[in-house]
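A.B. asks: Chains as they are written, first to last, in our numbering: chain E, 1 to 157; chain C, 1 to 157; chain H, 1 to 157; chain R, 1 to 157; chain F, 1 to 157; chain P, 1 to 157.
Honestly, I wouldn't trust all of these hints.
Identical copies go unnamed one by one, so any copy, or any two together, can satisfy a pair.
Said to hold, decoys possible - With a straight-line Cα cutoff of 20 Å, these simulated EDC-like cross-link-like pairs (lysine to aspartate or glutamate) come out:
#	residue 1	residue 2
1	LYS150	ASP133
2	LYS50	ASP16
3	LYS89	GLU41
4	LYS107	ASP16
In case anyone wonders, no lab produced these hints; they're calculated from the structure. Remember, predicted model here, so these are calculated numbers, not experimental data.
There are 6 protein chains.
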Amino acid sequence: MKLTHLDKNNRAKMVDVSNKQDSIRVAKASGTIKMSQEAYETINANQAKKGPVLQTAVIAAIMGAKKTGDLIPMCHPLMLSSIDCDIAKLDNLPGFRLEVTAKLIGKTGVEMEALMGVSIGLLTIYDMIKAIDKSMIISDIKLISKQGGKSGNYTAM
Amino acid sequence: MKLTHLDKNNRAKMVDVSNKQDSIRVAKASGTIKMSQEAYETINANQAKKGPVLQTAVIAAIMGAKKTGDLIPMCHPLMLSSIDCDIAKLDNLPGFRLEVTAKLIGKTGVEMEALMGVSIGLLTIYDMIKAIDKSMIISDIKLISKQGGKSGNYTAM
Amino acid sequence: MKLTHLDKNNRAKMVDVSNKQDSIRVAKASGTIKMSQEAYETINANQAKKGPVLQTAVIAAIMGAKKTGDLIPMCHPLMLSSIDCDIAKLDNLPGFRLEVTAKLIGKTGVEMEALMGVSIGLLTIYDMIKAIDKSMIISDIKLISKQGGKSGNYTAM
Amino acid sequence: MKLTHLDKNNRAKMVDVSNKQDSIRVAKASGTIKMSQEAYETINANQAKKGPVLQTAVIAAIMGAKKTGDLIPMCHPLMLSSIDCDIAKLDNLPGFRLEVTAKLIGKTGVEMEALMGVSIGLLTIYDMIKAIDKSMIISDIKLISKQGGKSGNYTAM
Amino acid sequence: MKLTHLDKNNRAKMVDVSNKQDSIRVAKASGTIKMSQEAYETINANQAKKGPVLQTAVIAAIMGAKKTGDLIPMCHPLMLSSIDCDIAKLDNLPGFRLEVTAKLIGKTGVEMEALMGVSIGLLTIYDMIKAIDKSMIISDIKLISKQGGKSGNYTAM
Amino acid sequence: MKLTHLDKNNRAKMVDVSNKQDSIRVAKASGTIKMSQEAYETINANQAKKGPVLQTAVIAAIMGAKKTGDLIPMCHPLMLSSIDCDIAKLDNLPGFRLEVTAKLIGKTGVEMEALMGVSIGLLTIYDMIKAIDKSMIISDIKLISKQGGKSGNYTAM
Chain E
1 MKLTHLDKNN RAKMVDVSNK QDSIRVAKAS GTIKMSQEAY ETINANQAKK GPVLQTAVIA
61 AIMGAKKTGD LIPMCHPLML SSIDCDIAKL DNLPGFRLEV TAKLIGKTGV EMEALMGVSI
121 GLLTIYDMIK AIDKSMIISD IKLISKQGGK SGNYTAM
Chain C
1 MKLTHLDKNN RAKMVDVSNK QDSIRVAKAS GTIKMSQEAY ETINANQAKK GPVLQTAVIA
61 AIMGAKKTGD LIPMCHPLML SSIDCDIAKL DNLPGFRLEV TAKLIGKTGV EMEALMGVSI
121 GLLTIYDMIK AIDKSMIISD IKLISKQGGK SGNYTAM
Chain H
1 MKLTHLDKNN RAKMVDVSNK QDSIRVAKAS GTIKMSQEAY ETINANQAKK GPVLQTAVIA
61 AIMGAKKTGD LIPMCHPLML SSIDCDIAKL DNLPGFRLEV TAKLIGKTGV EMEALMGVSI
121 GLLTIYDMIK AIDKSMIISD IKLISKQGGK SGNYTAM
Chain R
1 MKLTHLDKNN RAKMVDVSNK QDSIRVAKAS GTIKMSQEAY ETINANQAKK GPVLQTAVIA
61 AIMGAKKTGD LIPMCHPLML SSIDCDIAKL DNLPGFRLEV TAKLIGKTGV EMEALMGVSI
121 GLLTIYDMIK AIDKSMIISD IKLISKQGGK SGNYTAM
Chain F
1 MKLTHLDKNN RAKMVDVSNK QDSIRVAKAS GTIKMSQEAY ETINANQAKK GPVLQTAVIA
61 AIMGAKKTGD LIPMCHPLML SSIDCDIAKL DNLPGFRLEV TAKLIGKTGV EMEALMGVSI
121 GLLTIYDMIK AIDKSMIISD IKLISKQGGK SGNYTAM
Chain P
1 MKLTHLDKNN RAKMVDVSNK QDSIRVAKAS GTIKMSQEAY ETINANQAKK GPVLQTAVIA
61 AIMGAKKTGD LIPMCHPLML SSIDCDIAKL DNLPGFRLEV TAKLIGKTGV EMEALMGVSI
121 GLLTIYDMIK AIDKSMIISD IKLISKQGGK SGNYTAM
């Protein structure tokens, strides 16, 4: 029986990486959350009702990065070998910048894992402090750099 | 044996909502993804290598919203009664705006679910098209409005 | 800013059940797996290499039914109040028939949960015994009956 | 202290594959869903209430295949390197045939992943169209072929 | 077709709670982890290589409690309305005691959720500090008290 | 822009194992559950209301071990190549001892996977029999031995 293929334009697939070489892959992504002065000070004074905001956000970012293959439909499941986070206080925004670095020795890049970590971490900050400020805005989620893989290195301008 | 409590400032908790009333909760959130003209046109021509981008993003947004309680550490697990998405083409960005509306009859708001749907949906667009453009930027993720609950209604200015 | 809606035909959504009444919902589904005589006898003699086949299948069916909302994109997350399985030996097939009954007091039916339980249970039988027979066939997965909800009762003919 | 082992026949285990060689593994599985003429036409006209049926099914099949190790108790967790789906329209059934091909470079076969993708994809079709037809039947879920591994190649007759 | 039931003794099931009344359910559980003096001091000095141990354990306990229905085969999926943790320093053990309180308004008790939170939290402490001490022992995981439900209140002696 | 790093003592991270060698890792862990004579006899007579207790516990232990990377925040996701369980009847406790052995060819140890399997398995026993005895105590969860990796072999005294 011959299959009547769906139109190629309408068929989702997880791209075949079987023949790619294992190599070290590193991706760094970042994003920001802007908030009211009151919310910002509450976090820095470590007095949010739900608990310590930034530590919780870092843990959520790491756990979220590990779940990327579950959440992004066409992402390959991966075994990250390292996830590292940094948070910068941005007094002038005011708000925070979260940066996540993911590493893997494997066949596909880890850009999505780094971006997922940033997104989940920033959403966690939103959740922990939303009783004080509902108008927070998450922005500027982007890839900072990647190394490894056939497409080579990349650094955001 | 008496417990030596952790300092109240350093103890995370899932806030007690046992005594809150069930009511209809609605939250609407949105966010944007900015990309190159080439990436934008590839999506609109429905010719991305991994499959149909916008439909995949909508499905990922809905499935991601359902996983909010797994991903955000202090979020209550919820049984959403409705999730609805819209995507707007923004020719001038160029890029797309994703809007997610979540509903629940329950004791807690669904802001995080709507924001999670937006984030996962936009990340899915990034994933499906990143072979063409790695410099895409996800921005302006925010709550548009919420109804229901003790804190009342909210509309972003 | 006005949204340019995706064509209604191309937009997935989780249907709004907010205004539906809570009622008792019951759904019963079943399916079969056909196998070689040798595979059938190995299961009945409880001598499969991976362990006790039918008990493992029942447990997998129950755990799988609980994950329906994670697996079927537009399914509502539900809190099942009961899951019950039966397995019939079908000497003439030869093979087994798995029947799963799911219950809920809620706003949506539990047909998918019962069907998911049947599917995961039968796949588990396949997995446990595939070293002996790779040509097993899973068939006849269907809804046997449902009660409750606006659309009323249903019994398969 | 000596362990009183459970009877070998009653102890489930995840079989040890530590000493197996990594090799390319490919598995292809398929299955069908039979439905009423009305349901069939609704899908082909892309007018189902929950959204585009076939695309949603393909995405669910891919995401479901990735979760096989979570759902089937004795399956090894795997890192699939490719998942590809095809759907055939079967006017005479009427209904659809879903075929899923999974690939991996690893120590165990990917038959279960292909079969899981087929099952979840077909259940998703059921879910998206069940408001029109509750009597749909999922059948003929089977392995079409596999390559790689110690047990060699297999093709269904 | 009549089903040949599995022997009642060999059939797992998720017990039917459909007819139980919703009521407030509270369960409190606790457990301890005993470790070397060096490991104990490293945690209290907040100098573990993987990060802040006790806060991470509390977050893991809360997230783990929410996943009880996924992990314990016959547990009902639940929507916890509150999870609260305390950690006591036990200088004489030396080690820590973790106490988790879970609440729900629903049809089943939350003992397993409290016990799961304790287990996952203590395992997280083990993980964060195992580079220093592999001989840590987790003990005395038990239910402290429960309120609500047909079987009434319970307090451990 | 320079990042204002969080204090090193307060930043969680998933430790970088990218440069570690793949090797065979084995870890064996165990733990006990103590219960009333009545509960003990009910399990041994295989008459618990929720189904066969020990087989269900073994399956839950195996499935739980596979989820370690989801549950323990700083654990690497792993692809276990083997999980094996034994249960000993301890007439004098009375109760049971569960032992779980996990294997992997990879860059990190599998101690946490073995300990997680033990914990989830024992909690499953608790769940299946708690209608009879709420005072059961889970104790003595510890690593029995590990092989492989830079830190070498370990055997509990």
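A.B. asks: Against this structure, judge whether each hint is valid.
C.D. replies: Comparing the hints with the structure gives:
For the identical chains of this complex, LYS150 and ASP133 are inter-copy neighbours only, at 15 Å across copies versus 44 Å inside a copy, given an alpha-carbon limit of 20 Å. Only between protomers do LYS50 and ASP16 lie at most 20 Å apart by alpha-carbon distance; the minimum there is 10 Å, versus 43 Å within a single protomer. In the homo-oligomer, the alpha carbons of LYS89 and GLU41 lie at most 20 Å apart inside one protomer (11 Å), although the nearest pairing across protomers, at 30 Å, exceeds that limit. In this assembly of identical chains, LYS107 and ASP16 lie within 20 Å of each other by CA distance both inside one copy and across copies; the values are 10 Å within and 18 Å between.
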